[in-house]
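Enquirer: One point on numbering: in the numbering used here, the residue at position 230 of the sequence shown is 1516, and numbering is uninterrupted.
Keep in mind the hints are simulated off the structure, nothing from the lab.
Glycine included, every Cβ here is placed at the ideal spot set by N, Cα and C.
Any given hint might turn out to be false.
Quick list of in silico lysine-lysine cross-link-like pairs, DSSO-like style, CA-CA up to 27 Å [as the list claims (entries may be wrong)]: (1) 1321 - 1406; (2) 1321 - 1356; (3) 1522 - 1356; (4) 1406 - 1356; (5) 1321 - 1522; (6) 1356 - 1329; (7) 1329 - 1406; (8) 1522 - 1329; (9) 1536 - 1329.
DEER-style ranges, computed between Cβ atoms [to be verified]: (10) 1475 - 1558: 51 to 57 Å; (11) 1361 - 1484: 49 to 55 Å; (12) 1466 - 1522: 19 to 25 Å; (13) 1558 - 1387: 39 to 45 Å; (14) 1445 - 1468: 40 to 46 Å; (15) 1475 - 1504: 38 to 44 Å; (16) 1531 - 1363: 17 to 23 Å.
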Amino acid sequence: MRVPLMAVSKLFFFVLFGFFWSRLSFADSVTDLAKASQNPVEKLVSVPFNNNFNHGYGPNRQTQYILDVKPVVPFTLNADWNLIVRTIVPLIHQPNLLPARPYLTGLGDLNPTLFLTPAKPGPLIWGVGPALVLPTATHSQLGQGKYSAGPSFVVLTMPGQWVVGFLMSNVWSFGGQSNRPNVNQYSLQYFINYNFSHGWFVTTQPIVTADWQADSANRWTVPLGAGVGRVFEVGKQPLNVSLQAYDNVKTPRQFGPNWQCQLNVTLLFPEASAKS
1287 MRVPLMAVSK LFFFVLFGFF WSRLSFADSV TDLAKASQNP VEKLVSVPFN
1337 NNFNHGYGPN RQTQYILDVK PVVPFTLNAD WNLIVRTIVP LIHQPNLLPA
1387 RPYLTGLGDL NPTLFLTPAK PGPLIWGVGP ALVLPTATHS QLGQGKYSAG
1437 PSFVVLTMPG QWVVGFLMSN VWSFGGQSNR PNVNQYSLQY FINYNFSHGW
1487 FVTTQPIVTA DWQADSANRW TVPLGAGVGR VFEVGKQPLN VSLQAYDNVK
1537 TPRQFGPNWQ CQLNVTLLFP EASAKS
């Protein structure tokens, strides 16, 4: 696979060093920051870099690499409500599904989501708003070629050391290239996190998807798995880093990957969050 392996390897050893040998100058608050970073509608500025390796993709069962850059920016609307803007910017390197050239590299479709959420939530935390998909892909195989929109909502609770909840959306196409198939796509991400001392946590947060336009053999992707993570500082920069692996117990028969692994690195900006 012609992924920039040297860059990924350097990133892996960098975060592995931080995992085990970083000094936690903010140890008193690290668990609180870890829990806050696991809340999708927390008033916390963050920039996740999710490195996704999808193994067994395409007709020749090769590896697809997707770097999802997912900035999260909160806004205070008034004393009662916050607006959380989450955007997914996918950078994709994958096997070409046609024999013209071995791999394709480029930008996928942008996926912004807005959540209106109470500024002072109770034990049950929630947010609701629109999810959008914009046809920004640089190649037809890297995107859907359609403008899509639909509702999205998140519900979670954070008792003790736990952060448990789900994020759900469904989008339908309403414009774009007329020669591309219509979009009707469902997404469910459930997440279960348990936090230990010194910023360590275990997690499962798979994304279950369904393409309602596809036949039953190619409709569902259902991953099962888990991972481990840690919140720590490099210099004065807080990071949330996790390693996860998932087996796709249900995957599209045509071109669906068999399993996936993730290296997620998130820059956290709690001081900027307090000013937003």
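Enquirer: None of the hints should be skipped; say for each whether it holds.
Expert: Right, here's what the structure says about each hint:
no.: 1; hint: 1321 - 1406; in the structure: holds (16 Å)
no.: 2; hint: 1321 - 1356; in the structure: holds (18 Å)
no.: 3; hint: 1522 - 1356; in the structure: holds (21 Å)
no.: 4; hint: 1406 - 1356; in the structure: holds (25 Å)
no.: 5; hint: 1321 - 1522; in the structure: holds (19 Å)
no.: 6; hint: 1356 - 1329; in the structure: holds (15 Å)
no.: 7; hint: 1329 - 1406; in the structure: holds (11 Å)
no.: 8; hint: 1522 - 1329; in the structure: holds (20 Å)
no.: 9; hint: 1536 - 1329; in the structure: violated (35 Å)
no.: 10; hint: 1475 - 1558: 51 to 57 Å; in the structure: violated (25 Å)
no.: 11; hint: 1361 - 1484: 49 to 55 Å; in the structure: violated (32 Å)
no.: 12; hint: 1466 - 1522: 19 to 25 Å; in the structure: violated (47 Å)
no.: 13; hint: 1558 - 1387: 39 to 45 Å; in the structure: holds (42 Å)
no.: 14; hint: 1445 - 1468: 40 to 46 Å; in the structure: holds (42 Å)
no.: 15; hint: 1475 - 1504: 38 to 44 Å; in the structure: violated (21 Å)
no.: 16; hint: 1531 - 1363: 17 to 23 Å; in the structure: violated (39 Å)
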